[in-house]
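Assemble the complex: chain A is given as a structure, and chain B must be docked to it using the hints.
Chains A and B supply the protein sequences, listed in that same order. Whatever position you read off the first sequence (first residue = 1), add 198 for the numbering used here. Whatever position you read off the second sequence (first residue = 1), add 73 for the numbering used here.
Simulated from the structure, these hints should not be mistaken for lab results. It is possible that part of the hints are untrue.
[As the list claims (entries may be wrong)] If you want a taste of the chain B side facing chain A, the calculated C-beta under 8 Å gives, among others:
hint	residue
1	N396
2	L427
3	S472
4	G473
[Claimed, not checked] Chain A stretches covered by chain B per the calculated footprint, using a threshold of three residues with CB under 8 Å from any CB of chain B:
hint	region
5	203-209
6	423-434
7	440-452
[Unchecked claim] In silico DSSO-like pairs for lysine-lysine, Cα to Cα no more than 27 Å straight-line:
hint	chain 1	residue 1	chain 2	residue 2
8	B	K296	B	K386
9	B	K296	B	K268
10	B	K286	A	K204
11	B	K268	B	K254
12	B	K121	A	K204
13	B	K296	B	K254
For clarity, every value in this text was computed on a predicted model and none was experimentally measured. Glycine included, each C-beta is placed from N, C-alpha and C at the ideal position.
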Amino acid sequence: MIRLEKRPEPSRFWTAVTPVLAVLTTMIAGGVLFAMLGKDPLESIRTIFWDPLFNAQFADFARPQLLVKAGPLILIALGLSLGFRAGIWNIGAEGQYIAGAICGAGVALAFYPLDSWIVFPLMVLAGALGGWAWGMIPALLKIRFGTNEILVSLMLVYVAEQFLASMSLGLLRNPEGHGFPGSRNLQEYPAAANTEIIAGTGMHWGVMTAFLAVIAAYVLLNRHILGFHIRLAGQSPRAARFAGVSPPLLVAFCLGTSGALAGLAGLFEVAGPAGQISIDFNVGYGFTAIIVAFLGRLHPVGILLAGLLMALTYIGGELAQFMLGLPAAAIQAFQGMLLFFLLGFDVFSNYRVRRVTSEVA
Amino acid sequence: MTALLTVEGLTKAYPGVVANDDVSFAIAPGEVHALLGENGAGKSTLVKMIYGLVRPDAGRMRLRDTPYTPSEPRAARASGVAMVFQHFSLFDALDVAENIALGMENPPPQRQLARRIREVSEAYGLPLDPDRLVGELSAGERQRVEIIRCLLQDPKLLIMDEPTSVLTPQEVQILFETLRKLAAEGTAILYISHKLEEIRALCDNATILRLGKVVATCDPREKSAAELAEMMVGTKLTPPERESAAPGEVVLDVSGLSMKSANPFGTTLKNVHFRVRAGEVLGIGGVAGNGQDELLAALSGESRVEPDAIRLKGADVGQLGPNARRRLGLLCAPEERLGHAAAPDMSLTENAILTGVIREDLAARGFLRWGAAQGFARRIVERFDVRTPGVGHAARSLSGGNLQKFVIGREVLQRPEVLVVNQPTWGVDASAAAAIRQALLDLASTGTAVICISQDLDELMEISDQFAALNEGRLSAPRPARGLSIEEIGLMMGGAHDMEVADAI
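With the rest of the complex left out, here is chain A:
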């Protein structure tokens, strides 16, 4: 019989080693899955993890994509991780992402075709405010009426999607678009376009913001009393109140901040890679970011790495679909395994496994 036994303290060794172990196990289990689908497992794994970065044929296109995809994931996951650390569960980043994109694009379209440097900063502000406001809805409802923020924030995703559809068909529709749904393409409006800072790298302003946010989150959590209170509230709410933390303020801060960061991610996406508001503008970054946050163990640097890894599996997954004909569902199952194994191996950082040989009566 095997027995789990709680360690007095989390093991540093296991905390460091579990992500690596989880990735390796995912490769093995994923390989088995791909083999059962009749594909060469080694080639599949290589296509997902190696080819996007180092295969000369694909790298030129895929490498910049890595940052383009990782940027919003990291930005959103950082915001979520603050709340998750405090025990405040914002599941609706997708909605806040949409709200930020609509507000930012709205500002751009309102100024169109004004050519001024002020347009882009105003858009950034509007994007952050839009996401913040969308995040504050579950926050205020929780503070005032004690509603569950998980449900409210999740439901608001679907409300935001309806807004998005309405906007791309109505208010924000391109007047010169021959009646097609969708707004003007912001990439064709230089004052509003989120362009690459270094051409050919995928490094746009959103990725830059994500990197800065990693540093800011690290400082907040490790050096600032507010970050200390966030961690304290998540670990022992009663001790946090004893330390003078006000739960309503914490709820407002965490949901507001994660909303603002998700809104920023939406704005940078709509002004950059996506280019326009359209019915299918959102592609699930807000939900995938939840996985990224946990894969990065809610640690800013961990989230940076997890965001890059997750982006890689997306790009590599698409490549595998295209080159090897792997079904999209298999790729999703593969990504799911990653989180599954990580959480599974996590047991070892807090527990020790013991073999119980016999029970004496």
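Here is chain B on its own, set in the frame of chain A:
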């Protein structure tokens, strides 16, 4: 007389600690046998093995000369072994009869059961109305429900785990009458406690455990309390000393403090009045659940009250939060170490920041000064002899006594004007408890007003200048502690809560 239960060489090891090491003793029918030992001496593990909750690693038990290996509590009960736990397992929303039926294998119909409850409760002087809701009962009455639940099974051996920790002195007397009556009828009673006077008053024999081993067996009536304590602890204990200083000005003035509990099953504080002077120790006694947690929350600022209900050196502080009160010098140490006074998974340094950030200046414009925090944590560890490999270790890795020393030390080192502690030595070994009491007295002698909320009357009598008791959310008028008799204290705690005394046969 042949033994009812013999225990031979019982051993049980948990990771990192041997809870019971080769423990042997015997108990005869009609004997009241004490298991005496400090917290962590292995008393609970031993009785859990007898009650079938834990399986021993080695050793044998014999009940009425037949091998006895209970695989679960149900088997133990079937063999005539019953146990009253320290913490009750009762449902507030059900009545007495329903609660008792839930603990039985084949409960009879309610009406028949109610009649049996009345019969048994009257026979043993434990009057109890089977139709009352458990939520309305006092702690003493709840214990009766548990005892009657056991008695209905007609036990041969009744195990009682620290039964008096929830009782007033008067209620203890009633319980003892019942237990003596049971013993006279031939029921063996295994009585677990660390309260020496009780054991001397009640028990025929005592087995003394220390660090999992039997260190002595004796007749407690032939030993003095000091001798028993020495056997239990292994060293001589010196009672705390204090230099008596003349009390100074009134620092904390609580008047007309009323507060509804944040917890639906909590106690409402009703019109609490008291004053504490600089250099004075006010002891607040009372049975658990009579408003202790609520009083601490009202004083710490976790619950807000009317501004003028609490005045600190003349300033209204009732509406201020915990940190504003800390700034003014009102510090607290709650009862629950893990999860309230300290965060279990955080390091000692982080736990030092938890309450020390303001008075110890551990943050500059919101940014934490880790070096200073570490220094503060180290000072606590050194000054209060906290045994830990380092301040980077998680709070949960410390033993109860060490963590408690850390928690108390953290507040004491911040030079409070007023320090409020709730159950400062609960679950702490005797030497750590003595160190904590001494620290509180030393603090008082430097002019701090100390309020000690505790259920340990011996502790309160040892350190208090003034004594008051909480009963159903009301605080009795404080009286000088010196010269108070145990009866007077009991009456302040609510007397017998209207429970009747067992009828003499």
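For each hint, the structure was consulted:
| no. | hint | result |
| --- | --- | --- |
| 1 | N396 | holds, 4 Å |
| 2 | L427 | holds, 5 Å |
| 3 | S472 | violated, 10 Å |
| 4 | G473 | violated, 13 Å |
| 5 | 203-209 | holds (count 4) |
| 6 | 423-434 | holds (count 7) |
| 7 | 440-452 | holds (count 4) |
| 8 | B:K296 <-> B:K386 | violated, 48 Å |
| 9 | B:K296 <-> B:K268 | holds, 14 Å |
| 10 | B:K286 <-> A:K204 | holds, 26 Å |
| 11 | B:K268 <-> B:K254 | holds, 21 Å |
| 12 | B:K121 <-> A:K204 | holds, 21 Å |
| 13 | B:K296 <-> B:K254 | holds, 24 Å |
Of the numbered hints listed earlier, those contradicted by the structure are 3, 4 and 8.
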